[in-house]
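**Student:** So the sequences go chain by chain: P and B. When we follow the working numbering, the leftmost residue of the first sequence carries the number 1, and every step to the right adds one. When we follow the working numbering, the leftmost residue of the second sequence carries the number 538, and every step to the right adds one.
Because the hints were derived from the structure by calculation, they are not lab data. Certain hints may be false.
[Stated by the list, open to error] Listed next, the in silico SDA-like pairs over lysine to any residue satisfying Cα-Cα at most 20 angstroms (straight line):
#	chain 1	residue 1	chain 2	residue 2
1	B	957	P	380
2	B	1007	B	983
3	B	634	P	380
4	B	770	P	66
5	B	953	P	28
6	P	293	B	605
7	P	388	B	918
2 protein chains.
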Amino acid sequence: MATTGVTFESISPADFFYRNRSIAGFDNNMRALYTAVRELVENSLDACEDGGFLPTIDVKLSEVSSNWYKLRVKDNGIGVPRDHILPAFGQILYGSKYEHKQARGRFGLGGKMAFLFGQITTSEPLHVITAPVDEDHIFEVLLRQDIEENKPELVKWERRKNRDKKHGCTLEFTLEGNWRSAKRFIIDYIEQTALITPYAHLKFTEPDGTIHDFKRSVKKLPPPPTPVNPHPKGMDIEQLSRLIEDTKTRDMVTFLRTHFHRVGPKTAKAFLKTINMPFSQDPRALKPNDLVKIARGLEVFNKWLPPDARVLSPLGIKLLELGIRSTLNPEFVHVTQRPPNSYGGHPFIVECGLAYGGGVPMKESIIIYRFANRIPLIFDEYKDVSAKIVRAIPWSRYRIRPGMPIAAFVAVVSTKIPFKTAGKEFIADLTELEYDIRMGLMECARNLKGHLRQKEKVQREQVRASVYEKYLPIIARDISALAGRRKIPDTKALAQSALTIKLDEDVEAEEPTPVEEGILTTTPPEIDDTDESVEEE
Amino acid sequence: MATTGVTFESISPADFFYRNRSIAGFDNNMRALYTAVRELVENSLDACEDGGFLPTIDVKLSEVSSNWYKLRVKDNGIGVPRDHILPAFGQILYGSKYEHKQARGRFGLGGKMAFLFGQITTSEPLHVITAPVDEDHIFEVLLRQDIEENKPELVKWERRKNRDKKHGCTLEFTLEGNWRSAKRFIIDYIEQTALITPYAHLKFTEPDGTIHDFKRSVKKLPPPPTPVNPHPKGMDIEQLSRLIEDTKTRDMVTFLRTHFHRVGPKTAKAFLKTINMPFSQDPRALKPNDLVKIARGLEVFNKWLPPDARVLSPLGIKLLELGIRSTLNPEFVHVTQRPPNSYGGHPFIVECGLAYGGGVPMKESIIIYRFANRIPLIFDEYKDVSAKIVRAIPWSRYRIRPGMPIAAFVAVVSTKIPFKTAGKEFIADLTELEYDIRMGLMECARNLKGHLRQKEKVQREQVRASVYEKYLPIIARDISALAGRRKIPDTKALAQSALTIKLDEDVEAEEPTPVEEGILTTTPPEIDDTDESVEEE
């Protein structure tokens, strides 16, 4: 029996992702349209925040012909430097340098997959207009991707003087899509993105011209996340050998201090002792066996300092509350930020919120809004760690019953979000995360309980008041008649005095909640926050 | 505000998958161990079937030190040709040429990811011994992957004469793993692979030396799947332009006939008329606009012949039944093969089975075994289309109640399995698939109902018989006494005659089921199937 027909080939990464596009969320026309909008909005937000600009992002979807849509996304970000325009849009696995920090995306595969999907369904080129910050020109470029070679194919290149010192990027391309099915998800996505980035002005225009305009409700960016060295826990041999290849240090103590997160000379020495390695060992002279010894040792050593959460940039409870109020206009909101925590070398911070009444829709169960590094998660809710915790909390203990208009908010930031899939749609249920989400939501629930109790009291008082108001005059009249008096006494003051009975305090709510409803309207005024720290508690 | 810190870089595909290894199922030590076994077993099965050899695959996992395991997989496949050994094992996105046919994997990413995972966790090289069929030497190679450059790094290369004309491949490497957590999944995987490839001899040795040995129960391979041209439905512009670039045809009618599945001159001409394109149009002279016109037309045209399922290689009901019997040794089995069907240009065939009693474990609900192109699917069952259908079937109508020992089998083969994730763990719920799975399982259920009814009858008869046997002698004795007779008549023949009452036929089971229990024992004899067609119905 002969081996026939088995031949070998090498394919480009672009070709691989073209053949396996479902990996990046381009399974079908519905999902592709949603993913394209999402990836471009996220790239735009990053481009604005990288430059420290308050994001202004304009997304417009228009119908070209049946099932063909033109997507245009315009931002005021830092733009793309001249020399990077072609590969940045036309070469898969080319992008802004990977750093160890809180970030929306990881390697910018999504945007290019969106253009690729447009190209293979409509053959139209991508239209880029970019004004890179710090450059003198605006570039207008038409390009395609050569998928087999994984390189950009230039169609048109023009440049003009950037007289007004603009900066930003406008991308426009055509793709096949199913707007009818994708509509709900895209609008949810835009709305929730507005909620979690209240410092951004987001505008979305539907194919029929309907405009969703989310103005910014605060004029200050949260502090940017800081890139950090990797934490010694969770480091593999490949990472280690790359560090050794590049290091300028000449002894192991300095090596560990220089390239690892929160390792000082004392910790470095204590660690080296556990693996019997001299402090003066030159990292460049390490043998493969030494690398294995170090990697295993790093994992086992139990005196590393936990990762420092100051490198993260959570939204902050002020901004989270503002976002919730301006999106849902609820009767009551409580938000909280948990203390920093970590898992396997990665710091994380959980922020939670509960909103009740007002514009919160009445549903069978609690509505959950999930965010990871300021990305709203729309699909696969029931598989997410937050949904698991929401299901497990004994809500009735907090006077919360099915059918009440309640929304829960869970926002996680981390240098590495433990997504369970490449599609970044839901978060794995790690014990550490579960704990913080539970504690956060339960704190919110206690405060909501206080509010609900107070509300019930007020309602009971109102019932009492109406009883007094109804019967006191009748009693007064009849008693007057019995007493043979003509003049009926005025019962109003009496009825009033019965109402001043003080509401007793809510013993269970640790911090009696200042009920703030009515302070902000649906579109709250822009707050010029001059306070240094936007995210203080 | 200046743009600081945003620099760009290009990374190799190996580096991309190293950084995003969860895409390929290497999320953690548990999953990595499972995925490594699975990918290597599947590659071995392919290597055997490609050469037409009955697979003999020996998988051995041994503990090297705490959390370090050595995985060795040995097969009798076609081996890897000399010139391809290095890239085939050390270069991501290099593999056997992609063809349009029923296949286990798509591009052989999995195996290389397994070696990569081993390398970054243990730094050990991969050990390859391969005897390529049709070559004179056996090659023994040690190699690593240069992840940043995506190229193999040779450590050792030896060759020796292949005196015995052996063929096959042995791979051995060390990786970090969590055997305790992965054990259940790995053993399930091996057991179910044995079930769906009853023509393979699979042996798995656990780290503690426990051996799972699944001998082959049939000595004939199913016919190999045939590579086909792509179906006109579902073709995108990229695919179309690649065909045009390579074609030797010089007119559109010949072009369509030559490169598309089931397109003859009549269909080709009918199609070209709908898009107003001359039959004589030279494909090499097509403009980008023409490509768009053709691609959209291909999608809309409704007279294409459905894809031909003869290119598929389903297991066949004989082999499926054999697999079920030898694995579970049930009291009753019914299997069925649905007629060929298709979705979006891809043919598929569904095979179903129901097993009852015997070795089938008693569970709360029906146990589901799922297979896609002869791969067992182990994770994410509740999201799979088969689980959805099993939940929806009104089982009580078939006398099937919760708590009965019942297992359902659903095997799908297709030129493209609609997996919902890159991890190939569950199948999307397409309407066409749902229909065939429902019809298949319901046919099995009707037959099982017949069996259950017959079984109940037999049980009722046995109860009756025991009543006769118990009371007839007493009655006979007492009556004899009353009649003053000494000799008590023999009641045995009478009791016997009461039992010969015929069981009435099961009116609902279309084909009265030949109940075959007991024909095969736990380890069935090897069948030397000389019949040409193993999979006839």
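**Student:** Against this structure, judge whether each hint is valid.
**Tutor:** Hints, verified against the model:
1. With a CA separation close to 12 angstroms, the supplied pair residue 957/B and residue 380/P stays within the 20 angstroms bound.
2. With a CA separation close to 36 angstroms, the supplied pair residue 1007/B and residue 983/B exceeds the 20 angstroms bound.
3. With a CA separation close to 35 angstroms, the supplied pair residue 634/B and residue 380/P exceeds the 20 angstroms bound.
4. A threshold of 20 angstroms between alpha carbons decides the hint, and for residue 770/B with residue 66/P the separation of about 18 angstroms falls inside it, so the pair holds.
5. Between residue 953/B and residue 28/P, the direct Cα distance comes to roughly 14 angstroms. Compliance with the 20 angstroms bound is thereby established for this hinted pair.
6. Taking the CA atoms of residue 293/P and residue 605/B, the gap is about 13 angstroms. The hint holds against a cut of 20 angstroms.
7. Annotation: proposed proximity of residue 388/P to residue 918/B holds, straight-line Cα distance about 18 angstroms (limit 20 angstroms).
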